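Peer 1: Read off the chains here:
Number of protein chains: 2
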Amino acid sequence: MTHRTGAEQLVHTLLDNKVDVCFANPGTSEMHFVAALDKVGAMRCVLGLHETVVTGAADGYYRMADKPAATLLHLGPGLANGLSNLHNAKKARSGIVNIVGDHSAEHLKLDAPLTSDIKALAGVVSQWVHTSQSASDIATDGAQAVRQACGRPGAIATLILPADVAWSELAAEGSAAVAPQAPKAAAEPAGAAGAHDMARIVQALREDPEHTLILCGDRATRADCTSLVGRIVAATGCAARAEFYGARLERGAGRVALLRLPYAVAPSLAILAKFSTVVLVGAKEPVAFFAYPDKPGRLTAPGCRFLTLSTPEDCPRDALRELCGALGAQSLPAALLARHATDAPAQGPLDSESIGRVLGATLPDNAIVVDEAISTGRGFDALTLHAAPHDWLTGCGGSIGFALPAAVGAAIAAPGRRVVALEGDGSGMYTLQSLWSMAREQLDVTVLIFANRTYGILHGELAAVGAGAPGARAQDMLNLDRPQIDWSGLAESMGVPAIKVADIESLSKALQASYRRHGPMLLEVLL
Amino acid sequence: MTHRTGAEQLVHTLLDNKVDVCFANPGTSEMHFVAALDKVGAMRCVLGLHETVVTGAADGYYRMADKPAATLLHLGPGLANGLSNLHNAKKARSGIVNIVGDHSAEHLKLDAPLTSDIKALAGVVSQWVHTSQSASDIATDGAQAVRQACGRPGAIATLILPADVAWSELAAEGSAAVAPQAPKAAAEPAGAAGAHDMARIVQALREDPEHTLILCGDRATRADCTSLVGRIVAATGCAARAEFYGARLERGAGRVALLRLPYAVAPSLAILAKFSTVVLVGAKEPVAFFAYPDKPGRLTAPGCRFLTLSTPEDCPRDALRELCGALGAQSLPAALLARHATDAPAQGPLDSESIGRVLGATLPDNAIVVDEAISTGRGFDALTLHAAPHDWLTGCGGSIGFALPAAVGAAIAAPGRRVVALEGDGSGMYTLQSLWSMAREQLDVTVLIFANRTYGILHGELAAVGAGAPGARAQDMLNLDRPQIDWSGLAESMGVPAIKVADIESLSKALQASYRRHGPMLLEVLL
Numbered sequence: 001m002t003h004r005t006g007a008e009q010l011v012h013t014l015l016d017n018k019v020d021v022c023f024a025n026p027g028t029s030e031m032h033f034v035a036a037l038d039k040v041g042a043m044r045c046v047l048g049l050h051e052t053v054v055t056g057a058a059d060g061y062y063r064m065a066d067k068p069a070a071t072l073l074h075l076g077p078g079l080a081n082g083l084s085n086l087h088n089a090k091k092a093r094s095g096i097v098n099i100v101g102d103h104s105a106e107h108l109k110l111d112a113p114l115t116s117d118i119k120a121l122a123g124v125v126s127q128w129v130h131t132s133q134s135a136s137d138i139a140t141d142g143a144q145a146v147r148q149a150c151g152r153p154g155a156i157a158t159l160i161l162p163a164d165v166a167w168s169e170l171a172a173e174g175s176a177a178v179a180p181q182a183p184k185a186a187a188e189p190a191g192a193a194g195a196h197d198m199a200r201i202v203q204a205l206r207e208d209p210e211h212t213l214i215l216c217g218d219r220a221t222r223a224d225c226t227s228l229v230g231r232i233v234a235a236t237g238c239a240a241r242a243e244f245y246g247a248r249l250e251r252g253a254g255r256v257a258l259l260r261l262p263y264a265v266a267p268s269l270a271i272l273a274k275f276s277t278v279v280l281v282g283a284k285e286p287v288a289f290f291a292y293p294d295k296p297g298r299l300t301a302p303g304c305r306f307l308t309l310s311t312p313e314d315c316p317r318d319a320l321r322e323l324c325g326a327l328g329a330q331s332l333p334a335a336l337l338a339r340h341a342t343d344a345p346a347q348g349p350l351d352s353e354s355i356g357r358v359l360g361a362t363l364p365d366n367a368i369v370v371d372e373a374i375s376t377g378r379g380f381d382a383l384t385l386h387a388a389p390h391d392w393l394t395g396c397g398g399s400i401g402f403a404l405p406a407a408v409g410a411a412i413a414a415p416g417r418r419v420v421a422l423e424g425d426g427s428g429m430y431t432l433q434s435l436w437s438m439a440r441e442q443l444d445v446t447v448l449i450f451a452n453r454t455y456g457i458l459h460g461e462l463a464a465v466g467a468g469a470p471g472a473r474a475q476d477m478l479n480l481d482r483p484q485i486d487w488s489g490l491a492e493s494m495g496v497p498a499i500k501v502a503d504i505e506s507l508s509k510a511l512q513a514s515y516r517r518h519g520p521m522l523l524e525v526l527l
Numbered sequence: 001m002t003h004r005t006g007a008e009q010l011v012h013t014l015l016d017n018k019v020d021v022c023f024a025n026p027g028t029s030e031m032h033f034v035a036a037l038d039k040v041g042a043m044r045c046v047l048g049l050h051e052t053v054v055t056g057a058a059d060g061y062y063r064m065a066d067k068p069a070a071t072l073l074h075l076g077p078g079l080a081n082g083l084s085n086l087h088n089a090k091k092a093r094s095g096i097v098n099i100v101g102d103h104s105a106e107h108l109k110l111d112a113p114l115t116s117d118i119k120a121l122a123g124v125v126s127q128w129v130h131t132s133q134s135a136s137d138i139a140t141d142g143a144q145a146v147r148q149a150c151g152r153p154g155a156i157a158t159l160i161l162p163a164d165v166a167w168s169e170l171a172a173e174g175s176a177a178v179a180p181q182a183p184k185a186a187a188e189p190a191g192a193a194g195a196h197d198m199a200r201i202v203q204a205l206r207e208d209p210e211h212t213l214i215l216c217g218d219r220a221t222r223a224d225c226t227s228l229v230g231r232i233v234a235a236t237g238c239a240a241r242a243e244f245y246g247a248r249l250e251r252g253a254g255r256v257a258l259l260r261l262p263y264a265v266a267p268s269l270a271i272l273a274k275f276s277t278v279v280l281v282g283a284k285e286p287v288a289f290f291a292y293p294d295k296p297g298r299l300t301a302p303g304c305r306f307l308t309l310s311t312p313e314d315c316p317r318d319a320l321r322e323l324c325g326a327l328g329a330q331s332l333p334a335a336l337l338a339r340h341a342t343d344a345p346a347q348g349p350l351d352s353e354s355i356g357r358v359l360g361a362t363l364p365d366n367a368i369v370v371d372e373a374i375s376t377g378r379g380f381d382a383l384t385l386h387a388a389p390h391d392w393l394t395g396c397g398g399s400i401g402f403a404l405p406a407a408v409g410a411a412i413a414a415p416g417r418r419v420v421a422l423e424g425d426g427s428g429m430y431t432l433q434s435l436w437s438m439a440r441e442q443l444d445v446t447v448l449i450f451a452n453r454t455y456g457i458l459h460g461e462l463a464a465v466g467a468g469a470p471g472a473r474a475q476d477m478l479n480l481d482r483p484q485i486d487w488s489g490l491a492e493s494m495g496v497p498a499i500k501v502a503d504i505e506s507l508s509k510a511l512q513a514s515y516r517r518h519g520p521m522l523l524e525v526l527l
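Line by line, the protein sequences are chains A and B.
Residue numbers for the first sequence follow the numbering used here, so the first one is 1 and each next one is one higher.
Residue numbers for the second sequence follow the numbering used here, so the first one is 1 and each next one is one higher.
Treat the hints as calculated values from the structure; they're not laboratory data.
Nothing here was measured: the structure is a model prediction, and the numbers come from that model.
Careful, some of the hints might be misleading.
[Stated by the list, open to error] A short list of chain B residues far from chain A (calculated; beta carbon distances all over 10 Å): (1) D38; (2) E106; (3) K284; (4) R440; (5) R482; (6) D486.
[Unchecked claim] Heads up, simulated BS3-like pairs for lysine-lysine below, C-alpha to C-alpha not over 30 Å straight-line: (7) K109/B - K119/A; (8) K284/B - K274/B; (9) K39/A - K284/B.
Quick reminder that beta carbons are idealized off the backbone N, C-alpha and C, glycines included.
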């Protein structure tokens, strides 16, 4: 009789803990885990052709599933390749069971070429790092990793799995799966209502609502929370906003309007200038993405006071309910957005505004928008307010190449919903391998590539940092027009049908055609 | 009067120290460096559309130029994206001046989204890490980084450049470039002849040559060294080999035959079994790439003795000359390989052997072969021995996605020489963005993609680790055939002309056509 291997036990433990999707790019040291997939069954494995697809997909998955997926990465270099999207996932407070293979203990002593300091790399992007020491520890270690990833907020839990631990058989008496404590569903934040500064918050909202802003982040941008925010706004007349970056904003018609703070420093300063009190609901104090020589890093007015209603550890819904209660706003109707899209142009040239309007007019019910249209999409927030109800996911860590992998993960987490990935051509080239995974899994993803053939944002940034007008050499570092990239050709070469659109009418038609069909489609939006 | 910015000073310092190529993917925090490129001039900047292209190109550049290039990476995530090819470069002992932007000191306090622990990431792949503290330090810091990178062996010298250091102007009195000590040319190893175990080496070669192997690594695989190894072999009858992985092997007709140790454990064990003494010339004790449950990690026979003629810190040529002298072999003629290629088939099916033969028969003089054909290319070493003289570069760190970026760097380091990149479809997908840089720079690179539509090596590895025959789920983690990737389409979409070849005749014709034209060309070799 043969017993389970450590790898088989790990797959069992993951499944026992409701982790049943694994984004993977395995190598030799992970072959026993791969073999275990056959024996154990039930784990959905999705192959990415680069680890940044794997980790970005796990981020998108968590945001929509409210529970972690596992990853499977090959040693230090495999982890290294996945780091930047793990960085993004960490900043989004996504939970991931991040499994990284390693050499056997004996082989590590030999300093083979692939040897590297996995723990040091993992530590930069993980809240929890642990190396399994033996097959008999795997059930406990795996369950602990899931528990960490499922916390509130979510966490990157990196479990390092040496090859010899994976291939060793468990002793007979240890072969039963340890029944780990079932993790709390991550959808339900574990903490009690924070209400850290409740009395002062109530006072500010009652006495000076005009200069008080409610700033929502993390889970407070879900509809169950924004509806409460809407009541508070109705009761007091205060303002409300979401952070610029958001793991998942539930928005659109029938919901409360909650515009995001803008990316650029000047408009953020203008918006925030009048507020003397900012109430943080899962949000952080707003700061600029980058430093500029002549601009402040803090976006609020000097002397602005911050009051914390809830942190990401808390349940924002409970905190907002308590605040509603204190304000007598429980039964007030919030102002809900009407659905109207009559302002979308039927034809004309493509620009940021016309694209945003068409997007808002055509978005299907319950779409999931994954937004990395850093330049072109700057105005989409307001232009899509009245679209059909949808979720809006943005990169949270600023590392580009987020949207296409996250779209893969979101589509797997939410079958039956259309995912719309808004992507720049510069960012898209970071993780174009994602298209292959979309084709392989026949995911319902509409990809819009905004082909402006430049790192559009950097032209503005070069000016913003006061570096002057770019000459030929500097231009060469910003522009992608030599040679031009044929995004339709790239997509079709990876099995994704594609179409080039050069005006509003064809964009609108192509969008609607993509929404009707099963599987992915790429629209190359020629700007 | 305005003074130089820190960024301008850094560009000056790099140029003063003969670092005149910069592989880059800059972001906002690097915009002053980008602006400085216009003002200072003379720096050749090559844009990569993902940082793994940037760092891999710097590796390939160093191997052919024998001096470092600079990189320019955007904060922690930009560095993270480049880490796996920095890992490869470190294992190849390549020197790189690795410049990573960071937020300004003030902005770091705000914990903006892109903030991460750059030092921790850099430390894993760098021999030297330093953060510039002010613009007035930049000249010294930059010169020190170059000096570190130019050491013997080469080193990854990471210089972290905060945005405020880059944008600050130097004080008037500090604006002159510090004249740093010119680094030694890296082509000339700095150390004296090592000759660590000279007496015992001479004794072994004289008394038991049949059981003595000279194992060459690092710079000992250059022609000036292999010609000396050939004399020692002629004088004593000992055996000689190169390590499996090699930064740069100068080989082919007119040179000494120096076969590499094979990748797989069993044939390596068979080759090494008879040797009781291995003489290391810049090489390490040979170990398996991976651990396997039932195979040894050390590839030499138990009790094998290792004697060190030179380490990578030493000059192998001096050490080998001294050894020749001790053996009276100075003027013995080494056996040189004749040029013959009559055994190349003119037509027939494509397989590993026929491809290798055609490659050997057609390779132009002084070609640079960058080899990451992990499955298909397993036999190319022997099949190309008699080709025209050429350099052969392999990945040294085992992280896949090495060849295409390294080909970019090699082509820039060695204009006028044809670069031939041998790449698997699995590995190629890791860094396919390299094709765009090849087109942009019109580099003379012939890319062969061996399209077997699988991670071919992993099928063997799955069996080798004893994980059994793969079922459907495991197969899905190894195979790239759903959907098939159209590599010709990918290449053409990024501006690289491409052709599919399905038999030997068309392969041979396409190879020769690519060698005659200027600029890159991709051959999709359908297996």
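Peer 1: Indicate, hint by hint, whether the structure satisfies it.
Peer 2: Hints and how they fare:
1. D38: At about 3 Å from chain A, D38/B fails to clear the 10 Å cut-off, so the statement is violated.
2. E106: Non-interface label on E106/B violated, nearest chain A Cβ at 6 Å vs cutoff 10 Å.
3. K284: Incorrect as stated: the minimum Cβ-Cβ distance to chain A is 8 Å, not above 10 Å.
4. R440: 6 Å, violated
5. R482: Non-interface label on R482/B violated, nearest chain A Cβ at 6 Å vs cutoff 10 Å.
6. D486: 4 Å, violated
7. K109/B - K119/A: 25 Å, holds
8. K284/B - K274/B: 18 Å, holds
9. K39/A - K284/B: 39 Å, violated
Checked against the numbered hints given earlier, this structure breaks hints 1, 2, 3, 4, 5, 6, 9; the rest are met.
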